[in-house]
Amino acid sequence: MAFDHPAMTIEDGPSPWRLAAVGITKRYGPLTANDAVTLDLRAGEIHAVLGENGAGKSTIMKILYGMEMPDAGTIERDGQPLIIRSPRDAIAAGIGMVHQHFMLVPTLSVLENLILGTPLSGRFMVRKRAVRAKLAALAARYRIDVDLDARVDELSVGAQQRVEILKALVRGARALILDEPTAVLTPREVEALGDTLRELCAEGHGIFIVTHKLAEVMRLSDRVSVMRRGRLIGTWPTAAVAADDLVTHMVGRSLQAAVPRTARAPGALMLEMQAIHVPGQGGRPGLRGLDLRLAAGEILGIAGVDGNGQQELADAITGLRRVTSGEIILDGEAITNRPTATILASGLAHVPEDRHRDAVVLDFPLTDNAVLVDHARRGIQRRGLVDQGAVTRFTDALIAAFAVRCSGPQAAMRSLSGGNQQRFVLARELSRQPKVMIAMQPTRGLDVGAISEVHARLLEQRDAGMAILLVSAELDEILALSDRVAVLREGRIAGVLDHPSVEAIGALMLGTAAEQAA
Amino acid sequence: MTAVAAPKLAAAMRSQAVLGLGLVVISLTAAGLVLLATGVNPLRAYVEILRSAFGSVDALSEDLVYATPVILTALSVILAFRCGLWNIGADGQLYLGAIAAVGLGFNHVDLPGPLLLPAMIVGAFVAGAAWAAIPALLRLRFGASEVIVTLMMNFLAVTLATYLIGGPWASGITPATGPIAPAGFLPSLVPGTRVNANLLVALAAAAGLAFVMKRTVFGYRVRTIGANIHAARFAGMNVDRVRFLSFAGAGGLAGLAGFGEVAGIYHDLPNGLSPGYGYTGIVVALLARLDPLWAVVVAFALGALNVGSGGMQRALGVPVSLVSIIEALLILLILGTRLMERRT
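As you go down the protein sequences, you meet chains A and B in turn.
Take the first sequence: its letters are residues 1 to 518, numbered as in our numbering.
Take the second sequence: its letters are residues 1001 to 1344, numbered as in our numbering.
Same shape as in the complex, but just chain A (with noise of 0.2 Å):
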């Protein structure tokens, strides 16, 4: 009876079947992350899910798969109602999930890792040898290519994603979602992937690809999806649909809110990098040579798709990763590979991309979140010891100058809205009255008004004279705010535009550009 498993019997050739996500709204407090989405996934067809960080497509994902509920909307198959509360279910359902990290035990093999916690396993003893001819027919009928005796953490990342492939297909998964599957792999396993994925479709799968990397969308799918901010903004054949506009649909035209700004009047150099290198980890690029300026009295905006350099970029400034080759100079001073307290010392604020993790300590108070950076600077401390009363004064005034909406300084910084937290945490880093501040995703996860206000407050710095790097995922804020844009892809600058447009952007981000001129 464990042979009767439907992935392994299906000898009648593919049958049509249609899954659908329908009206599917999921919000986490006060962020939407889908509204409203609905996304189908036919037999036999590769779909494209598209959108940067953040838009929602690992959420509706995660939904089909069973691992978040829905606020509201339902899942249908051929039009009946599915109810997946859990993977179990999912996978019941002939759902299954290829996660970007790999959920394999790697202390074990191939073959018993394929079989874990499936029928085929059996119900006390281990059979191997029975079930591993029908395990070898399987990955030989999708030609993927495994050696089931291998350990699995001798595997290369490549190999180990075709047994997690063959492990859902294993558990009887016609509708596959691949989540990011060429992120960690080489332009060859990328090809392979491709190979094995057409098969599939051609024996009636049906495959989700949720990624941000345009061209591969092109390449490999059939339709392709484009989410952003948790809307859907559309689906299309793929051969129907040119690569510039899903590009425009992506990062969305820009509705500049007209944020007042004075004329550019940049001053001295504050901040240059000189051909930066920083070794890549997992699969990302690293920083390769990268060169920057940034003037006093300027916003500089990094655009670039997350994860072609943006958190080495900050981790080189502010000396958090150690910088392989080249110099930084901030204000006439070799800061490469100094110690963070020296840099930060040496006139940087930084505004980090993860506000909780890295920003603030959530189970301190406010007064304790204050004086981070500086708990050593004289009139916080005398001797060693901090001077209470001088940071209770010290988190007042911050409270005060950025109108911070708490119960007071012993406030637990957890206790506020992420709105009043990055309120905060930008009221303690220009208190310290940098020469540079580096702005890493500093609206991330904020409502509209907090947005404008960040913007307003960043301005108002520039227009006094600070050098400000603005690294955004969002096109639209860094359009709003940048006096010059930085393109950032695969760890270098592809460009820098004095009067940048989106088109302009986005044809650097994807390396078009330099296509076009080629």
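Quick caveat, the hints were computed from the structure, so don't treat them as lab data.
Keep in mind it's a predicted model, so treat the numbers as computed, not measured.
Quick reminder that beta carbons are idealized off the backbone N, C-alpha and C, glycines included.
One should not assume that every hint holds.
Some chain B residues close to chain A (C-beta under 10 Å, calculated; not the full set) [claimed, not checked]: (1) Lys1214; (2) Thr1216; (3) Val1217; (4) Phe1218; (5) Gly1219; (6) Arg1221; (7) Thr1224; (8) Ala1227; (9) Asn1228; (10) Ala1231; (11) Ala1232; (12) Arg1233; (13) Phe1234; (14) Ala1235; (15) Gly1236; (16) Asn1238.
Derived CB-CB ranges, DEER-like [claimed, not checked]: (17) A:Thr74 - B:Ser1321: 55 to 63 Å; (18) B:Arg1289 - A:Leu497: 52 to 60 Å; (19) A:Ser407 - B:Gly1317: 56 to 64 Å; (20) A:Arg393 - B:Gly1055: 52 to 60 Å; (21) B:Val1025 - A:Arg414: 32 to 40 Å; (22) B:Gly1055 - A:Ala341: 54 to 62 Å; (23) B:Asn1238 - A:Leu497: 36 to 44 Å; (24) B:Gly1317 - A:His101: 58 to 66 Å; (25) A:Ile329 - B:Leu1137: 30 to 38 Å; (26) B:Ala1030 - A:Arg85: 33 to 41 Å.
Not close to chain A: a few residues of chain B, all C-beta gaps over 10 Å, as computed [said to hold, decoys possible]: (27) Val1047; (28) Phe1142; (29) Gly1166.
Using the hints, position chain B against chain A.
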């Protein structure tokens, strides 16, 4: 603190006290059932525990004798834990402190009398700190789990002590090293009892650690690293340095416990010096919620339970394992309540 915080604090302490009392009642009831099952009247047993723990000056003094090293090992665990590291090695660090104290006091070093005790204290602290510095370095340089390394090093420390006792420093009479010079004896606090001046050292250490954690820049750094190591790094703190110093300091505190046992109680280094004071310190640290001052209270309470149950065992013939069951029940209940609190 501020005027607003005071009533809040009082309310929190009251609810803490109610909770604690409830837990004691529950565990006593549960243990009572166990006692009943073995044919012992639980009420008599409990009266006997109380009498043996608090009934006389001798009893009280023995509670304090037990509490003294446990306070210090608990502080050791707390200091390491506050910056996110587990010190399972307080027992070993205690042994190193004891070895250093004996090494100095066993006439191997000719120091003028009044200098011997201070030298023993400093020596014990440094030896414990150095012993703890090894796992700290392995952790910070190579990522080796400090849990495993400190645990393993406990066995090394005991073995080292056994070697010294049986070999170079053997007394030849008892299973202990030879005695230390009388100038190295810690004075007794209450004549005729074993309570010694190391209790004052332990209390001072607790107060000092509480002060350091609350009021100093170093303590602020330790707390920040323990609460969010990423934010600490991003704020430019030298995380590795602070963690190293904390862990070495933790070892030093445990070393002081070893000094006290040698200079205050045994006046030599006997076999089996510590009945697991280092491990008891972990329990005390967790029960005290990593608060140095509460650690003093909890250590005394555990001392009383230990001494009291020993008395009950002698008076009623209750097997000692039952006593351990009562202690374990109490600890499990308290820790369980903590987990439930965190859920809500």
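Cross-check of the supplied hints:
no. : hint                             : in the structure
1   : Lys1214                          : 9 Å, holds
2   : Thr1216                          : 5 Å, holds
3   : Val1217                          : 5 Å, holds
4   : Phe1218                          : 7 Å, holds
5   : Gly1219                          : 8 Å, holds
6   : Arg1221                          : 7 Å, holds
7   : Thr1224                          : 6 Å, holds
8   : Ala1227                          : 5 Å, holds
9   : Asn1228                          : 4 Å, holds
10  : Ala1231                          : 5 Å, holds
11  : Ala1232                          : 8 Å, holds
12  : Arg1233                          : 6 Å, holds
13  : Phe1234                          : 4 Å, holds
14  : Ala1235                          : 4 Å, holds
15  : Gly1236                          : 3 Å, holds
16  : Asn1238                          : 7 Å, holds
17  : A:Thr74 - B:Ser1321: 55 to 63 Å  : 60 Å, holds
18  : B:Arg1289 - A:Leu497: 52 to 60 Å : 56 Å, holds
19  : A:Ser407 - B:Gly1317: 56 to 64 Å : 59 Å, holds
20  : A:Arg393 - B:Gly1055: 52 to 60 Å : 53 Å, holds
21  : B:Val1025 - A:Arg414: 32 to 40 Å : 33 Å, holds
22  : B:Gly1055 - A:Ala341: 54 to 62 Å : 57 Å, holds
23  : B:Asn1238 - A:Leu497: 36 to 44 Å : 40 Å, holds
24  : B:Gly1317 - A:His101: 58 to 66 Å : 59 Å, holds
25  : A:Ile329 - B:Leu1137: 30 to 38 Å : 35 Å, holds
26  : B:Ala1030 - A:Arg85: 33 to 41 Å  : 38 Å, holds
27  : Val1047                          : 43 Å, holds
28  : Phe1142                          : 18 Å, holds
29  : Gly1166                          : 43 Å, holds
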